[in-house]
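Visitor: So you can see what is in the structure, the chains are spelled out below.
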Amino acid sequence: MKKFVKPILIFIPLAAIQLTVIPLISFQGIFPDLILILIVFYSIKEGQIFGMILGFALGFFFDLISGGLIGSSMFAKTLAGFIGGYFYKENDLSNIYSFNFLFITLLAGSVSSFIFALISYSNIFTNFLSLFFLQGLLPGVYSSIFTLPVVVLKPKSLIE
Amino acid sequence: MSSFFNDFKEYFLLAFLLTISLVLIPLNNNPQVKNLRTFAFGNFAFVNEALASAENFFALPQKLERAKKLNAELMLRLNLLREYGIQNIQLKKLLRYAERNKFELDPARIVSRLVSLGRGSVIINKGKNDGILAAMPVVDEFGLAGFVIHVSPNFALVRTIQNTKLKISITNQRSRENGILEFNGEKFLIRNIPTSADFKVGDRIVTSEFSSLFPPSLPVGVVVAKERSPSGLLSSVTVKPFSKINKEDFVFVLKFVNQAQVDSLKLNLFRTEE
Numbered sequence: 001m002k003k004f005v006k007p008i009l010i011f012i013p014l015a016a017i018q019l020t021v022i023p024l025i026s027f028q029g030i031f032p033d034l035i036l037i038l039i040v041f042y043s044i045k046e047g048q049i050f051g052m053i054l055g056f057a058l059g060f061f062f063d064l065i066s067g068g069l070i071g072s073s074m075f076a077k078t079l080a081g082f083i084g085g086y087f088y089k090e091n092d093l094s095n096i097y098s099f100n101f102l103f104i105t106l107l108a109g110s111v112s113s114f115i116f117a118l119i120s121y122s123n124i125f126t127n128f129l130s131l132f133f134l135q136g137l138l139p140g141v142y143s144s145i146f147t148l149p150v151v152v153l154k155p156k157s158l159i160e
Numbered sequence: 161m162s163s164f165f166n167d168f169k170e171y172f173l174l175a176f177l178l179t180i181s182l183v184l185i186p187l188n189n190n191p192q193v194k195n196l197r198t199f200a201f202g203n204f205a206f207v208n209e210a211l212a213s214a215e216n217f218f219a220l221p222q223k224l225e226r227a228k229k230l231n232a233e234l235m236l237r238l239n240l241l242r243e244y245g246i247q248n249i250q251l252k253k254l255l256r257y258a259e260r261n262k263f264e265l266d267p268a269r270i271v272s273r274l275v276s277l278g279r280g281s282v283i284i285n286k287g288k289n290d291g292i293l294a295a296m297p298v299v300d301e302f303g304l305a306g307f308v309i310h311v312s313p314n315f316a317l318v319r320t321i322q323n324t325k326l327k328i329s330i331t332n333q334r335s336r337e338n339g340i341l342e343f344n345g346e347k348f349l350i351r352n353i354p355t356s357a358d359f360k361v362g363d364r365i366v367t368s369e370f371s372s373l374f375p376p377s378l379p380v381g382v383v384v385a386k387e388r389s390p391s392g393l394l395s396s397v398t399v400k401p402f403s404k405i406n407k408e409d410f411v412f413v414l415k416f417v418n419q420a421q422v423d424s425l426k427l428n429l430f431r432t433e434e
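Chains A and B supply the protein sequences, listed in that same order.
Mapping the first sequence onto my numbering, position 60 (from 1) lands on 60, and the numbers just tick up by one.
To convert a position in the second sequence, counted from 1, into my numbering, add 160.
The hints are simulated quantities; they were obtained by calculation from the structure and are not laboratory data.
Glycine residues also receive a C-beta, built at the ideal position from the N, C-alpha and C atoms.
Any given hint could turn out to be false.
As the list claims (entries may be wrong) - Output of the computed footprint for chain B on chain A, the stretches with three or more beta carbons under 8 Å from beta carbons of chain B: (1) 11-25; (2) 42-53; (3) 56-64; (4) 68-80; (5) 112-121.
What the hints assert, rightly or not - Distance ranges between label pairs, derived from CB positions: (6) A:99 x B:340: 47 to 53 Å; (7) A:145 x B:175: 31 to 37 Å; (8) B:335 x A:128: 35 to 41 Å; (9) B:388 x A:127: 18 to 24 Å.
Please take these sequences and the hints and turn them into a complete structure.
Guide: Listed below in structure tokens is the structure:
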């Protein structure tokens, strides 16, 4: 239970940035998802079960505070925690401090954004491929770019 | 059995959590869920407001707020003048119309926004304590931007017009043709109007007298294209909205809400969105 305190504390400023600053750099509804990066990070660090529960809880909080459809982010973020947790290695953080983190975020981000879009925008897109590309892959790529500071700077304080 | 559960516990947990998420989606209109949401966004908006204030620190926000309010008032007044010019025959009607359009504008700052293709929403720093009620229309300095959907004591959640469920009853300001404007996730369309309907590129689109949610003659957008359906009988008109709510820091709540209208069955959209 104690392990959840730190990511939840980090979530508060991240969610505020996600709702105030990130919209300024979004285009055509495509935006980087900082909450997703946090969930993937902790899933790789702590494991699949931890990642799923964290994704579920943070997704719920985000749905509540953002005015979004309650359940949609929960679903997508739980899935992101599940995917991120696949790459968990006990006592080995090489997946966080290498470009693997970028690719894992790309994978988890693409899948979760796509599922989120299926739940939220299914009435908008009739073309499955364009939905996957525009609302799955592109947001995943955009989010993964934001993992670069972790990959390049390797901040030790995050791991402690 | 126990070993089977242990082997697949991650998958069981995943299925369980995903099921709960899916079950919650249809419960969004449940009064308890609504209260929880209002409580949550109302409290977290303080954090967002602090961050938004820091962003605007160098922008002299109060001066900007006054200027934008003045601009919005002028926009509405200009729109009324256009109406006078076009509808000079219906003078009596116009006078009544003018009385109805003395809108009280309450400026509000956007403290957070949810980027979403079909359900865009923003949170503003005005709430019940400022006299804001659910269903009040929201404009920016250019035109109709959305409507209030949830209100906490100090903040309000505004659903923007970029909402696939929103159908706006509109009128062509020049030809007085009516139609229903909707957002398809990419652009705003007036669908299935007769090909003979008088819509031309450049026509201004305003809210209609028939709108149960918005007051009449709020500027909505401008016609940018008209396309015939393959059968040739019907057309669809593409409208570019005036509102730039995705880029604006300030909006204005029109203190207009007709209780009789709120009670009417016509506000089905508002009810589903609530």
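Visitor: Each hint: holds or not?
Guide: Hint-by-hint comparison with the structure:
no.: 1; hint: 11-25; verdict: holds (count 10)
no.: 2; hint: 42-53; verdict: holds (count 4)
no.: 3; hint: 56-64; verdict: holds (count 4)
no.: 4; hint: 68-80; verdict: holds (count 9)
no.: 5; hint: 112-121; verdict: holds (count 4)
no.: 6; hint: A:99 x B:340: 47 to 53 Å; verdict: holds, 50 Å
no.: 7; hint: A:145 x B:175: 31 to 37 Å; verdict: holds, 32 Å
no.: 8; hint: B:335 x A:128: 35 to 41 Å; verdict: holds, 40 Å
no.: 9; hint: B:388 x A:127: 18 to 24 Å; verdict: holds, 23 Å
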